[in-house]
Structures are given as structure tokens and as C-alpha cells.
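**Student:** Heads up: the protein sequence lines correspond to chains Y, A, H and D, in order. Using the numbering used here, you'd call the opening residue of the first sequence number 1 and step up by one each time. Using the numbering used here, you'd call the opening residue of the second sequence number 312 and step up by one each time. Using the numbering used here, you'd call the opening residue of the third sequence number 623 and step up by one each time. Using the numbering used here, you'd call the opening residue of the fourth sequence number 934 and step up by one each time.
Honestly, the hints are just simulated from the structure, not real lab data. Note that CB positions come from ideal geometry on N, CA and C, so glycine has one too. Heads up, a few of these hints could be off.
Pairwise CB distance ranges, derived in the manner of DEER restraints [what the hints assert, rightly or not]: (1) A352/A x D226/Y: 51 to 61 Å; (2) I513/A x T186/Y: 45 to 55 Å; (3) G998/D x D848/H: 50 to 60 Å.
The calculated DSSO-like cross-link candidates involving lysine-lysine, where the alpha carbons are at most 30 Å apart (straight line), are [to be verified]: (4) K389/A x K121/Y; (5) K358/A x K515/A; (6) K833/H x K204/Y.
Partner residues are not named here, just some residues of chain D that face chain Y (Cβ under 10 Å, in silico) [claimed, not checked]: (7) Q1003; (8) L1004; (9) F1005; (10) H1007; (11) G1052; (12) V1055; (13) L1059; (14) W1156.
Protein chains: 4
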Amino acid sequence: MKTVDFEAMAERIRNWGRWGAEDNRGTLNLIGPEALVRGAAAARQGKRFSLGLPFDRDGPQDGIGRTNPQLFLHTLGKPVNPAFPRVQWADDSVFMTLQCATQWDALSHVHYDGVLYNGCKVCDTLTPTGATRLGVEHLADTGIVSRGVLLDVAAYLGTPMMEGFQGITPDLLNQVAAHQGVSFATGDIVAIRTGAIRCLTIDKDRNLFRKHQSGLTPECAEWLHDHQVAAVCADNVAVEVMNAGAVADEMCLPMHGLCIRDMGMPLGEMFNLEALAADCAADGQYDFLMCAPPLGFTGAVGSPVNPIVLK
Amino acid sequence: MKTVDFEAMAERIRNWGRWGAEDNRGTLNLIGPEALVRGAAAARQGKRFSLGLPFDRDGPQDGIGRTNPQLFLHTLGKPVNPAFPRVQWADDSVFMTLQCATQWDALSHVHYDGVLYNGCKVCDTLTPTGATRLGVEHLADTGIVSRGVLLDVAAYLGTPMMEGFQGITPDLLNQVAAHQGVSFATGDIVAIRTGAIRCLTIDKDRNLFRKHQSGLTPECAEWLHDHQVAAVCADNVAVEVMNAGAVADEMCLPMHGLCIRDMGMPLGEMFNLEALAADCAADGQYDFLMCAPPLGFTGAVGSPVNPIVLK
Amino acid sequence: MKTVDFEAMAERIRNWGRWGAEDNRGTLNLIGPEALVRGAAAARQGKRFSLGLPFDRDGPQDGIGRTNPQLFLHTLGKPVNPAFPRVQWADDSVFMTLQCATQWDALSHVHYDGVLYNGCKVCDTLTPTGATRLGVEHLADTGIVSRGVLLDVAAYLGTPMMEGFQGITPDLLNQVAAHQGVSFATGDIVAIRTGAIRCLTIDKDRNLFRKHQSGLTPECAEWLHDHQVAAVCADNVAVEVMNAGAVADEMCLPMHGLCIRDMGMPLGEMFNLEALAADCAADGQYDFLMCAPPLGFTGAVGSPVNPIVLK
Amino acid sequence: MKTVDFEAMAERIRNWGRWGAEDNRGTLNLIGPEALVRGAAAARQGKRFSLGLPFDRDGPQDGIGRTNPQLFLHTLGKPVNPAFPRVQWADDSVFMTLQCATQWDALSHVHYDGVLYNGCKVCDTLTPTGATRLGVEHLADTGIVSRGVLLDVAAYLGTPMMEGFQGITPDLLNQVAAHQGVSFATGDIVAIRTGAIRCLTIDKDRNLFRKHQSGLTPECAEWLHDHQVAAVCADNVAVEVMNAGAVADEMCLPMHGLCIRDMGMPLGEMFNLEALAADCAADGQYDFLMCAPPLGFTGAVGSPVNPIVLK
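Looking at chain Y on its own, in the form it has when it is part of the complex (with noise of 0.2 Å):
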């Protein structure tokens, strides 16, 4: 059964050409003056949260397909320069995948039919060493910082972690914005709540957290085009619910491909809202300064990423 027409929504919410032939931000330019400002502002109480898990071996990936941070500290008692041996120092490398953990998926990411953000095409632009266009240093230049506003979809519905692979419609969106008070301007950036991060941060099971992954429907990639929204993130995999494949025939991901191909937005992934949503809940506000920096890895596809809000 095809509740969707993606080819027909892809149509009308693809941002191709809209910010020039040659732009690698997509939706990231809707991040102007005034949004930084409104964010800015957002930050009023002094309190500060960062939404980053833990970057190391007992990350999310189970090893087999992307591998958890590998970290050595190979440089340990040893004296900086021979002629002072009192001081040493020690310095640390790292192998890892990098959208093991917390993350964005820069517009490079994902595509179908050949073809990524903005028409560049895949074999002009992917090259093993780094993507010649979209990579994820256009995102790192941004800063990715806006004012960020939180949908508690557990919470609202009463839950302390959505169970299994429940599709989070826009209409639910709407009804949880309206619970919460908040309303939308252009250049926010969107945090979604399922709970499912707490299969990681309380339960410390990887294999749990692939078996509840709610997130939104591809519905939703309109919404967030209609209401000129910057970028999304949320506590789960994907964003999108993982089931979606039969929703969209023909696409898995399919607000992957609608939101990172055709739209030009990044996607967080892995955000852990569990204390900002308690917060949120105990003070009433529920949007906030969001300031999550890629790391401007020259042609990456992903950036791993320590989301800092302040409110």
C-alpha cells in the first residue's frame, strides 16, 4: 500500500538551485542574522547541556559494520624534550568511523538515483578519499548554531521511552508543539524526543537500542520544509523511523533521501536529550541556543559532533 507519493513530495520540497548552483549548505542558510539572535536570546538562565554520548569501544556500533572510536595513548612518560625530564606529556590517536556515535550526516551522505544534493552527481563527487562537493566541512563553516526548539514526543505521550518502531506523523509533531507551548521561525533547529537513547545511557545495550527505533514518518520531511526549519536531530538512529521502507515503496530511508538529497538538510543522529528534556519539562522552556560544530573533516560525508545548548 503507498501512503505517500515521494516522488511528487520530492518535487515540491526540493531546495535544488534555491541558494545557488554551486551552495553545499542546503538548509543551513536559513540560519541568518536574526535566527542567531533569536537564539542567542533563548539563552537567558545559565544553564548549559551538551548532548553528546561518550565517544570510545563501548559506543553504539556493534563492530561488525562501523567501528566503535579505537583510542591509544601512545606517548605516556615520556619527557617532552630530553633536556627536561621532569616534564612529560602524553598524546593519544584514534581510528573510528565517523558517524559511530553522536553525529551529523553532511549532504553528501545519502542519494538515490544517482544523483546528491543540488544535481551534483555521485560519480563527479564521491572519491574514496573525500567528496569533492557537499562535504562536511560546508556544515563545520556554519557552526550548525540556531536557536534549537525540543519535541518531547515520549513525554507527551506519557512514555519514558517510545517501545519498538513507532512512526512519529507530522499531526503528532503538531500536538506536541501545541502541548508544549512553542511555536517555529525560520533557521530553528528541530530536537526530537523518543527516549530510545536510554537503551545506551541507563540500559548500556547496543543490541536494545537497534530494537526501538521510533522516529519521524517521511510525512515529515514537508513539515519541516513548511516551516523552514535548518536541520533536525533526535535521540534514535535515523531520525526517521526504521520501518519505513514499506511507507515510501520503492525507498528505505526515505526521509533521508528526502530531507538530505533533496532538501539539503543535515540530520542528527544519536542526540542524547535525556537531561535537557527534564529540564525542559520542569521549567517550561522549551527552545534554547543550540550550537553543534562538525568537525570540518575536508570531504567527509559525517561529522561526529558534542552538541552544546545553552538556555
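Here the structure of chain Y is known, so what remains is to put chains A, H and D in place on it, guided by the hints.
**Tutor:** Frame of chain Y; chains A, H and D shown alone:
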């Protein structure tokens, strides 16, 4: 000739125990709600700057000591799910030393006499897979966000770049601050500009960069202490001037020892301050919100960072 | 129940000082010119076998502990020299744990009571960037080449694969040798076949492999010592049977301790003996030249290897 | 000036289809049972040599292009099993480029005009996670073992090391062979000594090494073809002389193209022939058993190797 009594100064500025025996955050404890509100209030113009260098094979390292990031896009033109061949993705891995480009030194990075910040013994703390105390994850948790204040020493001296190895003294810092009309408050992050990063950003010459490493003299550690600064960063390799060993006898990198080990102050290195400095000179506003979150690598002694500034 | 007096056996077979206080080669010293000539003389039929497993992401490791090799072809379709665009090359990098598949344990790999082979103290020897003594480079220098003798225990027991965790005793080794009609000479390399590797090569099931880990009992260390064996290898994870901890009280992996630390004997693990064993059964020749050279990673505690057999 | 008709020579020596359309082993097919027996028969004195360079951070690479091995001992002083605290182990990981030191080029390493050995198209064969044809695993399977013959060109010329970039012609090879009194048989591995490796082994100077890269001229490809050689190795960076581009117009590294792509012959580079050469000069035996097994990295375009010689 001994110009600084290193041991006496170390004793005066040592913060061990100041925030408890279990503290892992050092001077970042100085960033309280007031500092956060003060920082956010400085972001009033809607301007945004990224201070991060590119992370790639052409980075500042010569490849013999630390390794620049080696990025691999290893999944290219692969369907995410073979049942949906239209949809494909790219995925990437990186091998890097954590301190190869723009980065924070964690409190476990440098030590002398076998003891780290807060009296942690090296032998109990540093292991080949990470530090059991003072790892960068504790800094990541705070976000390293506060009001930032730029001291543009190069501009004050009337040069685009301080050449060679010039020491920046507390007196000089005071002159620059007076000239710029800035003052300091508890929990500020101070950014020191020497212009040296231009060797990388303009000349694209990593060897030249090593030949121009002006920076703070050891006495500045006490200046930072007295001004209740939370963290200090600069556009050079080590924040401090690189030939300071002779000044503080028996100590190389004396400010590393004084700041990291005695005060518990993180050092931010290779911050690209060029665009920010030009803007500050133009509008006369030298303070701003700085959000420079390290990644929470468990037990790491440093972290790459993409520092974001909002004015 | 204590069936082996571990300490007494360790004392009997300990080779410390036997080849000098500075020795790093252990029992490989037993491979003299006669052993090399004897080995080469066994290569008379012109047959050749590789005993190495594939090195790739589908290797024996589960990815949580040791990491299978992550191979990246990062230079593809690039001219070697832009002046000659017709000529292009590919280049590759790998990240791996050195003991992820077919491999040799170096004499620095396992120790007990804080002391390694030849009395080297752990604290003086093992550093995060390599062992200062007993690294695999010393084994690499000898090539680990000599006459090899296969003891096909599984075939003797009439099974393609020994199931579960069966201990192979010295008595059983003697029975197999007598059945095969083989005897031993100083400096031989003994290869033990349990058939367990078929879980990888036929079933392609790394979890199944962990469930069938028959191997040598601790007493075999003395058998190896008495037969003047230079090195021992097998087609399982650890040469020894994996539940031997209970036999030698207070010691897990007792043969690792006895062989590597007391005798100075390298252990070869995950050698694929299937094709070789079939050939030996067919022609009745169970001895051969074995050339299994570790790579000379300076200071490494093990090395991947592609062992070559000539008959 | 065109001294070699590259295209005509390539056509004469091209082995495509000679061993079937699916062949991945190229000239290693020339090593039949007779060659193996002949090789083993040369191992009659009980002498043994390792031709491998050390694999470590001080290797031949400058770190900007290829990366020398980065070894990490990350498990140190850790009990294998907490129930048995006396027994501890060390474990290690490495990051490296596969061709950083002593190594074999696989048949997928170099190509021209978009086609690899045996007519394999580059676009069908090379992927970011490995070559689907012609990977080094196919060479690993053969072991690269046969009779080896040393041609000590430097000794013939009366110098410890050929300086600069001297071309070694087929005539010179014939003179050296005649002087040494050696002849060749089908399936031999030829080892060419220029002495250049002394820049690494004696002078410890990787930059000096790059300045002395004498080697084979392109015409030697036909000499190797006519002598039915299975593989060729040398003690320099590329087997061939490094300035040969001018000789064979429009082609850089012409022997790489001719040997790897047209003949299907693996090239062995940075083989340390110093000790072997001294021994051959002393006893007059210039042939031996060479066993130089690549590791079976699935899909890799090269492999590190520790080549072992028995005389």
C-alpha cells in the same frame, strides 16, 4: 639567568583541591550561570565565526610525529539495503592524532614530577587505552562555552603576524586590553592572536608555521589566574612562546605545566582567529560568545574542536 | 582438583638464560643449519600450501574485542604523475589488530607474575608504542622457517573436527605420531590439527568457531620441551584447549604462560591446515618445509602471517 | 627522444589470456612443481636470511604521502581473565599503508588506459574497500615461493651503492649474470641489488634514499619475459629506475605498466639484500630458495612482506 621563580609561581596559582579532590574540570569550574548569561548576551549582532582549521591530510603536522587525519570514504555507491537499489550511501572512517589541528589540551595532557592536575599520580592515571582521571570527556561535558575575549596582540603591534619567537608578557596583555577597551570577568575564555596561523591559512606552509611561534611567557599563567580566566586559546602551536624553556630553568613548555597541571586550565591551540579579528577591528566589539566543545573521547588527553563564535 | 603441578613444570622447562641473558628468540634458537637443511630436504615433491586465513572485515573477530582488518583503497583512478595521465595507480591503508587472524604470538605477548621470558620485567619492557625487548621483530629476523610436522589429531580420532573443548594430551600426541609414522628432530615446528578452523572456512561462522576450541593440555608444554620443538601452531584460537584454567589451578591459558613466558616458544594460531592435512593423508608424507615469517613490526607482541608449506 | 617503442613491447610481452580469462596470478603461474623443487634444492647449506625492513614509525615514508606503521600496544598489564590476576597479556593494533616498506605490488596496483592485467576494466575492479579482481590474496595463495637468483649489479660495478638514477639495461643484467656464473630457469624470482637500501639501513636517512634510485630500464621487462621469470624484486623504491619516464614517452613508471599490467608480474620493492649479497659474494652461490609470502588481505593492491631466503 633565571627570570621566573617557577616553583613559587606554581605554588601561588595551584588550584588542587579548590573544586574538590575528585574534580576533573579545573578552571572550567569558573564558568557559572552568570558567565554563560554574560557570554550569550555578547551575541547580539547575529554574526557567526568558525575558528577551526580544516581536518585533512594537508594539516599542520609533518607526518613524522603526529599524523594528520587520514579520511577514507569506504562505502561508495552501495545500496543501504539491496532491496532498494535506488537508495545509496557513503560512509567514512578516519585515523588521526587527536591534537593534529585545532584542539584542546585536556588536563591529562602534560605533567611534571610524575603528578598531574589535582595531585593525580601519573602511574595511577594514564593507561594505553585512556586516562582514568582528567580525560577530555570531563571538559566535553561542560562544552567549554563562555564569553570569549580576543586580545589581538599582532594588531596592537601593527603587524599582520608576529615573526619568530616573541614572548607576550602580562604587561603586553594589559596594554592590548587597554587599547581595545576590554575588561575581564570570572569565567571568560581569552583568545590570543599572534597571526601565526596565516602561515597555514594563507601561505599553506606547515614548515613556515613552526618558525613563527610567538606566544605567552610563563608569567602569563599568573595573569590568567589573577583574572579568573576559565580557558585560554591562541592561533599558534602551544599558546605559549616556544623558546620559553630557557626562561623557566629546568622546565620546557612551562606554561603547559603551570596551566594544565597546576591550575587545571585547558589550552586551546591552532585556533584560526583571522576572520574574527578582522571583524572585531571593524566593529570594536572584542567580546563574544565562544562555544568550543571537545568531543567526549573517554580518557583522551586532547580533542579536535571546531570552535564557534557568535557576536 | 589439581592435576598438574604448574610451578614445578614451569621450573623444569624454563629456558631463561639458556641462550644468553640478552636472548629474544627463545626456542627458535633450536633451528640451526641442520634443521634448515632437514626442512628444505622435505620439500621434494614440488607441492605448495598457504596456511593463512583471508585478512578482511569478515575475519574471526567479533569486532568488540580485537578488530578485523579494515582495508581502504584510498587512491583510485589517480595519475601517478599528472604529466602522464594514462598511468594510474591504486594505494591502500589498513587498520587492524595484529592478532586478528592467522598469527604468531611474540614472546612479549603473555606473562605472569609481572615477568616475561628470560626474566624481563614487564614494567621495563612493555610500553604503549612497543616492547623494548622480546618484540616480534626478533622472530621476524629468524623467519620462523624449519621442518614442520603435522599431527592430525582430528583425523586420528576419525572426525572432521573435534567438537567442544577436548584436551589433547601428550599421550594422544604420541599415539597420533605413531599412527602417522613420524618422529621428531631438534628445531621442528609442530602443527596440531583439530579441524576447528572449518567453522570459519566452511561454515563461515565466527561464533561457532569460539564454541569448538579443543587444543593442547598444559602437560604438552613439557612434551614440546622434551622433543626440542622450536615452535608450535594449530588451527584453533589459542593452540591450547580453552577450558584448561581449571586444570592448572590459579592459571588461565596455562600453556601460554609455560610456552611463551617460560620456554620462550612462539605460538602460531588460526593456521588453516585443511588442504595440507588432506594432502598428507593422501601421500603419507607428514613432514615438510614450513616458512611462516612474521612481519618485523618493531616492538609488536604478535604478527599476522601467511605460513607457506612446501612438500 | 624515443628509445623504446613502448606500445610494441607491451604487445609482445602481454600475457592476457595466457592462463585463462579468470586468472589473477599472472607470471606466478610459471612457478610449477619443478620450480619449487629446484628452489628447495638450492637450500643446501642451512643458511637463512630475512630481507625485510623493520616496520615502524621510522620507516621509509615521509608521512605526507604514505604512512609508516603506527603501532599501539593498547592492552598492557591487563589480566586475560580477572579470575586469574597473575596471568596478563599485551595486545596491539597497527595503522599503516600496505606499501610503506618491504612489499609486493599486487596486479591491481598500477594500470594505464583504464585497463588492468588480463583486460580487467578499472571501473569494474577497483572499489574503495578492495579490488574485486587481482587482489593480493591471489598472490598470497601462491606464497610467492620459488628459486631466487641474485644479480648484484652494484658489486659488479665495484661500488657499495649505485648513486643517483642509473638505468640498468638488459645488457648489464647479462654481464652481471655471466660474471656471477648464473643462469635462469622458468619460474625463477630475480633479485636486483643496487645498494640503495643502505641509505636506510646504514645512513638511516629516508630523504637520501629517494635521491639514489637506480633500477631497471623499461627494456628489462622484455628480458624478464624472455627469461620466463616469475617475479622480480629489488632493494629500491620501484624496481625500475625512477627517471625512466623520459625514455618511454608518454609513460611514467613504464616498467610498472609493462610488468604489472601487461605481463601480470608482481614487483617486490625495498627488499634488503645486503646480508644476502655479502654471503653470495663469499660462497659464490647466487641462487637460493626465496619464500616471500604476502599477507592475504582480500582485495588489497599490495602487501607488506618479510621475505625469507634459504641457502
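**Student:** So, for every hint listed, does it hold in this structure?
**Tutor:** Taking the hints in turn, this is what the structure says about them:
A C-beta distance of roughly 33 Å is found between A352/A and D226/Y, which places it outside the suggested range of 51 to 61 Å. For I513/A paired with T186/Y, a C-beta distance near 35 Å fails the hint of 45 to 55 Å. Judged by the Cβ atoms, the range 50 to 60 Å given for G998/D and D848/H holds: they are separated by roughly 52 Å. A distance of roughly 15 Å separates the Cα atoms of K389/A and K121/Y; the hinted pair therefore holds under the 30 Å criterion.
Distance restraint check for K358/A and K515/A: the Cα-Cα separation of roughly 27 Å lies within the 30 Å cut-off, and the hinted pair is therefore satisfied. For the hint linking K833/H to K204/Y, the alpha-carbon distance of about 26 Å falls within 30 Å, and the restraint holds. Look at Q1003/D: its Cβ gets to within about 7 Å of chain Y, closer than 10 Å, so that hint holds up. Hint on L1004/D holds. Least Cβ distance to chain Y is approximately 8 Å, under the 10 Å limit.
Checking F1005/D against chain Y by beta carbon gives a least distance of about 4 Å; that is within 10 Å, so the hint holds. The interface hint given for H1007/D holds, since its Cβ lies 5 Å from the closest Cβ of chain Y, which is under the 10 Å cut-off. Because the beta carbon of G1052/D sits about 22 Å from the nearest beta carbon in chain Y, more than 10 Å, this interface hint is broken. Of the supplied interface hints, the one on V1055/D is violated, with its beta-carbon coming no nearer than about 13 Å to a beta-carbon of chain Y, more than 10 Å.
Evaluation of the L1059/D hint against chain Y yields a held restraint, the C-beta minimum of about 9 Å falling below 10 Å. Hint status for W1156/D: violated, given a least beta-carbon distance of 36 Å to chain Y, over 10 Å.
In the structure shown, a violation is registered for the earlier hints numbered 1, 2, 11, 12 and 14, in ascending order.
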